[in-house]
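Based on the hints, put chain B in the right spot on chain A.
These are the residues of each chain, in order.
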Amino acid sequence: MLQAAVIGIILYAAHGLLVNTQANLEARNIASGFGFLSLESGMPISNSLLPYSPADSYGFAFFIGIINTLYVAFFGIILATLIGILIGVARVSNNWLISKLAEIYVEVLRNIPLLLTLFFTYTIALAALPIPKKSLMPFEGFFLNNRGIYLPRPIPESGFLIVCLAVLIGIIAAFMIHWFAKRLHRETGRTIPSFTLGLIAMVAIPAIAWWLTRGPIAWEFAVLKGFNFQGGLVIRPEFSALMIGLVLYTAAFIGENVRSGIQSVDMGQINSSKALGLTTGLTMRKVILPQALRVIIPATTNDYTSLVKNSSLAVAIGYPDMVSIGGTIIGQNDQAIEIIAMWMGVYMTINLMVSMIMNWLNAKVQHIGR
Amino acid sequence: MTTLSDAGIEIQVFKPMPDLPAPLESVGIIGWLKGNLFSSKINSLLTFAALFFLWKTLPPLLSWTIIDATWSFSSHPCPTEKTGACWTFIFVKFRVLMVGLYPQELLWRPILTFVIFGGVCVLTALRVLQTKLLITLWFFLPLPLFFLINGGMGIETVEQSLWGGLMLSTGLAAIGIIMSIPLGILLALGRRSSMVVVKSLCIGIIESIRGVPLITILFMASVMLPIFLPQGMSINNLLRVQIGIILFSSAYIAEVVRGGLQAISQGQIEAASSLGLKNWTITCFIVLPQALRHVIPSLIGRCVALFKDTSLVIIVGLLDFLGMIKASAQDPDWLGYDAEAYVFCALIYWIICFSMSQYGKSIEHHNQW
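Taken in order, these protein sequences are the chains called A and B. So the first sequence is numbered by this note's numbering: it starts at 1 and just counts up by one. So the second sequence is numbered by this note's numbering: it starts at 1 and just counts up by one.
Only chain A is shown next, with the shape it has when bound in the complex (with noise of 0.2 Å):
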């Protein structure tokens, strides 16, 4: 009974909604669906990974939104983990000094917006940065300055194919080692340092390459020409402003994750593996580190998730992400109910996505009872 009342009302409801949209529509003599998305934008895109010019559709246009998200968010997962894991593990270290450093990183990084520390580092960055012709050259071919980062283009020559081929065998060789090793210590219980073997294999096949093809890849360097540097791999300000600020955000919350994950594994556990004589190494690898992963990855997982959505910020600072390439398609043909459809499905998608990937990692690590 109630439920059908439920039903009636929704159904009431989205019947007003609709014939309210469609009046409005009308009124402000704004299109519905998407065939906009074939029309020629005519906005410039700053940053955009693909070739893309402003006679290509808005379509393509938002497709460079996503791109550039999912670049975004992929390099900031990676960075704000590796950094994460830094600052948790020095949150436990038993040097005083530097657990209150990383406690004041955590405290500091927490409490503040994330919008307010991307406005910092893109206005500090960019204002403490020189201009082109008063570049920094930390190395050389690297130039440091308030258009951005420039770095040699690799130009690869002939080849180059072999060179990624031996890549690929070298990790092959790597996981075969690894693969080897276990089921030695299977069988017969001898083991092989397996991991230096396998780093060994993954370096020098693809090393033995390069030297046999004698370096096949050349470097397009930048040049100053006029006011700015002209070729060249360029990283715009923006891209790295949002970057530091999103890494250092997120790297706050993995950390704290991380601490209270070793936190939570029982100092008995350890006493007793040393009891036992394992090593510092072995101890963390196979009794904290396994433990500590069922509490870190969850909440971890929530942690990514808050990364892909926060990339969004990107707007704030002129990133073209998704967010922003969207909004500069809302004011040109007041699209709305389209865009923010389109923006709702790709971000659950990528969500779903990293969701999956964890949850799979999760079921991974945890405890098989037998």
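Mixed in with the good hints there might be a few duds.
[Unchecked claim] Derived, one-sided and incomplete: chain A residues facing chain B with beta-carbon distance under 10 Å:
| no. | residue |
| --- | --- |
| 1 | 50 |
| 2 | 52 |
| 3 | 124 |
| 4 | 240 |
| 5 | 309 |
| 6 | 310 |
| 7 | 326 |
Please keep in mind that the hints were generated in silico from the structure rather than gathered at the bench. For each residue, glycine too, the CB sits at the ideal point set by N, CA and C.
What follows is chain B alone, placed relative to chain A:
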């Protein structure tokens, strides 16, 4: 010591010598240093690295913020020969940063509001009021305060486009949280309901809001809401943004409350229903009070997060605290003081958020409220 026993034989009784003092390097300040900073080679190295870092960063920071800074209250730009921060800029802009463009002659109203709001916060933090009274107070607090700021019914109304600064941020966050808690509880209960329609509706609302960033919700509220309303009916931008914030926050609070609901054992509900209580009585008087008590610390965490998140309203054109900071930094008469503006902004946000989270921690510690 020797004693003579009954038999007259001398017995040696063992008497320990007095304890030696602990070695100098394990007690006192030296012991602390050795244990906490120089316990191993790597530790010593790390300590020196940290000290070097502090030596390189702390003195310039101190001299910029305090020693070389200008602290005068004049309305003229700072002398350029001073290398430190120019806090005069903050003093000059202070009113704008706090209340936005609120009329000067009506300034007593925001100040009174601030005093009342601060007083309630202090009462909460000191835990002098009864819980029920406290909840009622917080629930009805926004109404008189809104009236005080907005005016109407005899006292002069102040246009909402003139509101801004920290007042706006706090208002958006406070009303957002207070309104979204009941809404979130409803959503959480709906999500655990046995009715399929209600349940799927609630899951749909919660997950679709949680799946997208706040910015898109704000965009939606400020661009799409007018399209959904009947023609002729319009609501102003501030209210639209507030609705967006409430919706956003209620989805997160629903998840927090759901965690609390799941912590209530089934036995409680069975016991209550075997006593003959009705379903809604069980929910209101048995389940919810216990569930909410469990989640108070996480709710305060949500308050902190929401207060930080209100800074995003700058993107849909409202001048909240951060917005005012940014606008002040771009004032042509006071150019070049971005760093001062942002540092001040960070300090205020930090003080508010840190005290809130410390309060949450203290509740968690005492497990009482």
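Hint validity - residue 50 of chain A Cβ closer than 10 Å to any chain B Cβ: violated, 23 Å
Residue 309 of chain A as an interface hint toward chain B, with CB separation required under 10 Å: holds, 4 Å
Can we keep the residue 310 of chain A interface hint, with Cβ of chain B closer than 10 Å? holds, 7 Å
Per-residue hint verdict: residue 52 of chain A, partner chain B, C-beta under 10 Å: violated, 23 Å
Could you check if residue 240 of chain A really has its C-beta closer than 10 Å to a C-beta on chain B? Residue 240 of chain A check fails; min Cβ-Cβ to chain B is 17 Å, beyond 10 Å.
Does residue 124 of chain A pass the interface hint, meaning its C-beta sits closer than 10 Å to a C-beta of chain B? holds, 6 Å
Hint check: 10 Å Cβ-Cβ cutoff, residue 326 of chain A to chain B: With a minimum Cβ separation of about 8 Å from chain B (threshold 10 Å), the hint on residue 326 of chain A holds.
Checked against the numbered hints above, the structure violates hints 1, 2 and 4; every other hint is satisfied.
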